[in-house]
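Enquirer: Chain residues, written in single-letter form:
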Amino acid sequence: MKIKFSGVTKVFKPDIVALKDVHLEIAKGEFVYVVGATGSGKSTLLRMITREVLPTKGSVSVGDTNLRKMRPSDIPYYRRDVGLVAQDFKLIPHLTVLENVSFVMEAMSVPSKMVEYRANKVIEQVGLWRRRFMRPPQLSGGEQQRVAIARALANSPSLFVADEPTGNLDFRTSADVMKILLAINAAGVTVVMTTHNQYIVDSYRQRVIELNSGRVVRDEHSGRYTPDDDV
Amino acid sequence: MTTFSYILRDTGRLLVRHWFLGILTLITAAVMMWILGITTLFSLNIQNLLQKLESELVVQAYVKKGSEVGKIAETIRAMEAVTSLTALSPEETLTKLQARMGSQSHALDLIGENPLPWNFEIRVKNAVEVPHLVRTLMAMPEIEDVVYAGMVVERVAAISRVASKAAVAMFALSIMITSLVVYNTIHISLYSRREEIAIMFLVGATRSYISTPFVLEGTFLALLGSIIAVAGITSAYFPGIRLLQQSLPFLSLVGDLRTIGQFGVLLVGFGATLGWVCSCIVVTRFMNSTTRPL
Numbered sequence: 001m002k003i004k005f006s007g008v009t010k011v012f013k014p015d016i017v018a019l020k021d022v023h024l025e026i027a028k029g030e031f032v033y034v035v036g037a038t039g040s041g042k043s044t045l046l047r048m049i050t051r052e053v054l055p056t057k058g059s060v061s062v063g064d065t066n067l068r069k070m071r072p073s074d075i076p077y078y079r080r081d082v083g084l085v086a087q088d089f090k091l092i093p094h095l096t097v098l099e100n101v102s103f104v105m106e107a108m109s110v111p112s113k114m115v116e117y118r119a120n121k122v123i124e125q126v127g128l129w130r131r132r133f134m135r136p137p138q139l140s141g142g143e144q145q146r147v148a149i150a151r152a153l154a155n156s157p158s159l160f161v162a163d164e165p166t167g168n169l170d171f172r173t174s175a176d177v178m179k180i181l182l183a184i185n186a187a188g189v190t191v192v193m194t195t196h197n198q199y200i201v202d203s204y205r206q207r208v209i210e211l212n213s214g215r216v217v218r219d220e221h222s223g224r225y226t227p228d229d230d231v
Numbered sequence: 001m002t003t004f005s006y007i008l009r010d011t012g013r014l015l016v017r018h019w020f021l022g023i024l025t026l027i028t029a030a031v032m033m034w035i036l037g038i039t040t041l042f043s044l045n046i047q048n049l050l051q052k053l054e055s056e057l058v059v060q061a062y063v064k065k066g067s068e069v070g071k072i073a074e075t076i077r078a079m080e081a082v083t084s085l086t087a088l089s090p091e092e093t094l095t096k097l098q099a100r101m102g103s104q105s106h107a108l109d110l111i112g113e114n115p116l117p118w119n120f121e122i123r124v125k126n127a128v129e130v131p132h133l134v135r136t137l138m139a140m141p142e143i144e145d146v147v148y149a150g151m152v153v154e155r156v157a158a159i160s161r162v163a164s165k166a167a168v169a170m171f172a173l174s175i176m177i178t179s180l181v182v183y184n185t186i187h188i189s190l191y192s193r194r195e196e197i198a199i200m201f202l203v204g205a206t207r208s209y210i211s212t213p214f215v216l217e218g219t220f221l222a223l224l225g226s227i228i229a230v231a232g233i234t235s236a237y238f239p240g241i242r243l244l245q246q247s248l249p250f251l252s253l254v255g256d257l258r259t260i261g262q263f264g265v266l267l268v269g270f271g272a273t274l275g276w277v278c279s280c281i282v283v284t285r286f287m288n289s290t291t292r293p294l
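Which chain is which? The protein sequence lines are G and Z, in order. According to the numbering used here, the residues represented by the first sequence are 1 to 231, in order. According to the numbering used here, the residues represented by the second sequence are 1 to 294, in order.
Rather than coming from a laboratory, the hints here were simulated on the basis of the structure. Heads up, a few of these hints could be off.
Claimed, not checked - Facing chain Z, according to a computed beta carbon distance under 7 Å, are these residues of chain G, among others: (1) L84; (2) K90; (3) I92; (4) E106; (5) S109; (6) G127; (7) R131; (8) R135.
Backbone N, C-alpha and C define an ideal beta-carbon position, used for all residues, glycine too.
Here chain G stands alone, though its shape is the one from the complex (with noise of 0.2 Å):
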């Protein structure tokens, strides 16, 4: 799904700038790293693609919708299209990893026999198998990502949407998430994620869009994580 900003400007109350005059537009099929110090719009960006945030000025599109003009009882199905990835994972506690995996389809309506059958696909394709039954109380940070991304995968969205899944991994385990997230991309998936992680950005060299103080300072494609001011 290709995205489009155009002139984005969001001021939250009483008057931070969160962005200010965005104007980029992302491919369908793209991955992209967005970059840059902590408050430098990175989340907000992101979470306009969501449409949990709306513009104070300009249009955010993604595919031919306009955020902004989309009605109340369209979002969910938007949303179902949208793969969401979080630092904080998102999980619910209660429920095991089959069950975290299987609600987003439960969610859609989809006969059990088929959510079973793709929850426990998913589940493979980030190799969690044998935790399956587990609480995400019970699984390392590492595991955790991955059953967010399994959640996110488990309606084979065409827009992947990921902040900063890498931040509170190890390096090792950071390696292993990044390749789950270019199989994705490699499946034709637009990917979006932002990051802190220098060696992230630089292994898995795509297009590096930096923010700073809510303005895009930097468009590169194939590019490096070089951030003069980041914290």
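Based on these hints, arrange chain Z on the given structure of chain G.
Expert: Structure of chain Z alone, referenced to chain G:
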């Protein structure tokens, strides 16, 4: 059907997960619905008694001699408060009086000519309307005198007013408390799952898919509370009225199985509706605040 089964499963999970809070809500709803039911039954019985008393209330109006009885009777019948009017001729009145006096009725023979005038036995709809009717009758030039059980009428009217107000107050209080308890339970349930709800919204669950288990939880608790209340009411009410009627057989109480059965069904329906409305309100408010984009 698939969605429905998932929703039912989630409702079950909610009830199990908040079992202690659920039991508290159930007990409170049952107690409040029991109070509501007992108050309504008490009020129904008072109304029944008052209606019986009122139906037996008779205003006696004596007509002046030489007046046109038929015309006056028509005028009085047309009054809103009047349910029925029986015109008694002097002869009929005398016969009634003789019957009432029994063995002493021969005393009436001493009077000679029948001195009694035409009179009307007037029955009214409500005891409250009697004083006004009496004043209207007294103002009519054709009416000689009006006789009625003044104190009884006024007391019956006063009891009727107080009983109605007390019943309305208890009714309102019970509804308020039940609503608040159901509202709070569902709110706590929603609050404890706020992160889960936020995740569900993010991954594309619809509002109705997320909301329905909470609405069903509230409705189920209120419904079950009402059923327990009705069971409590019926098990206490029938022995209670049997006991009352043994010691005070002249009391006319609402006690037939059909009426109480209908009342029970109404109470259960009312309880479930109350639970459903409260849950819908709290869920809608919560969902509105959760889904509003920043």
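Enquirer: Determine for every hint whether it applies to the structure shown.
Expert: Now for the hints, and whether the structure bears them out:
1. Proximity of G:L84 to chain Z holds as hinted, the smallest CB-CB distance being about 6 Å (cut-off 7 Å).
2. For G:K90, the shortest C-beta to C-beta distance to chain Z is roughly 5 Å, which falls under 7 Å, so the interface hint holds.
3. With a cut of 7 Å, the hint placing G:I92 at the interface with chain Z holds, because the nearest CB-to-CB distance is about 5 Å.
4. Taken as an interface hint, G:E106 checks out: its beta carbon lies about 5 Å from the nearest beta carbon of chain Z, inside 7 Å.
5. Interface restraint check for G:S109: the shortest CB-CB distance to chain Z comes to about 4 Å, inside 7 Å, so the restraint holds.
6. Contact between G:G127 and chain Z, as hinted, is not supported at the beta carbon level, the nearest pair being about 21 Å apart and thus beyond 7 Å.
7. Interface restraint check: G:R131 against chain Z, minimum CB-CB distance 20 Å, threshold 7 Å, status violated.
8. Below 7 Å, beta-carbon pairs count as interface contacts, and G:R135 has none with chain Z, the closest being about 13 Å; its hint is therefore violated.
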